[in-house]
Amino acid sequence: METMNIWTHLLGSTAFVAVGFTLSYYVSRCEDLNITRGDVFAFGSFLISATICFGLSAGFHTLRSHSYNIHHLWGRMDILGICFLALGAGTSMTYYAFYCIPIAQGVYWGLNLFAAIGAAFTLFDTGGGGNKMRTLRGSVFSLLAISAMLPILQSVIELGWTRASKEVGAGWYLAEALSLLTGVIVFVGRFPERLSPGSFDIWGHSHQLWHMFAVLGSTFHVVALVTAQNYRRMHEAC
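When we follow my numbering, the leftmost residue of the sequence shown carries the number 284, and every step to the right adds one.
Calculated directly from the structure, the hints in this document are not laboratory data. No residue lacks a Cβ here, since even glycine has one placed at the ideal position from N, Cα and C. Hints should not be assumed to be uniformly reliable.
To be verified - Distance ranges between label pairs, derived from CB positions:
no., residue 1, residue 2, range
1, Ser422, Thr319, 33 to 41 Å
2, Pro475, Ala298, 19 to 27 Å
3, Asn513, Phe304, 19 to 27 Å
4, Arg312, Arg473, 45 to 53 Å
5, Thr418, Gly481, 17 to 25 Å
Can you build the whole structure from these sequences, using the hints too?
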């Protein structure tokens with residue numbers, strides 16, 4: 284099981300590094316894109332957080348069998364990585380969701396930071412988790428994801444679904460949310476191994492599927508950012 288746990292997120296971490304370099308190269312070759320420091324901040328915060336999250340996860344699954352102390356140390360690093368990802372996701376989507384409202388940006392950035400720190404401390408107190416804490420971890424991560432999505436929810440309420448999809452990529456954020464929700468349900472419910480114990484110990488375990496849904500959701504997030512940046516490039520005025 285751990286082999287797939289390692290590779291799903293090791294490849295995911297490497298992929299987001301590659302996305303960062305690819306976007307940087309593309310921007311350097313296209314002078315008419317009008318990339319701002321804010322764009323670099325939004326994309327950079329998410330790509331860096333995704334790289335850290337999936338990298339720490341791969342490290343945890345590689346080293347967890349080393350010893351008791353190493354297991355719990357890297358269990359905390361794994362949790363820290365997830366909180367980093369939520370922080371980067373919330374930061375990047377808030378930038379475009381409230382592009383013309385700096386005060387709202389600051390409020391949501393503060394809320395997102397508070398939620399990430401709160402989640403980290405809550406789960407650190409459990410010793411990094413364990414199977415008995417599976418439901419707690421799933422619940423805390425779900426609440427953390429919801430707090431990160433609040434800017435998009437407000438955008439949909441204020442702009443309507445059509446405008447929010449066009450201007451901030453709401454449709455892609457919905458795909459991200461559904462992907463993460465599916466992953467959490469699979470992880471907490473222990474599907475499919477609960478249906479056939481022992482049959483999915485190497486391939487297809489719920490933890491492996493959760494990893495894949497997390498990478499898929501993060502991919503949708505990047506597409507949403509590209510959608511929002513393209514709109515802002517063509518509509519610079521607030």
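These are the hints, each one checked on the structure:
A C-beta distance of roughly 38 Å is found between Ser422 and Thr319, which places it inside the suggested range of 33 to 41 Å. For the hinted restraint 19 to 27 Å between Pro475 and Ala298, the CB-CB distance of approximately 25 Å keeps it satisfied. One distance hint, 19 to 27 Å for the beta-carbon pair Asn513 and Phe304, holds here, with the actual separation near 20 Å. Taking the beta carbon of each, Arg312 and Arg473 are about 47 Å apart, inside 45 to 53 Å as hinted.
The beta-carbon spacing between Thr418 and Gly481, approximately 23 Å, falls within the hinted interval of 17 to 25 Å.
Checked against the numbered hints given earlier, the structure satisfies every one of them.
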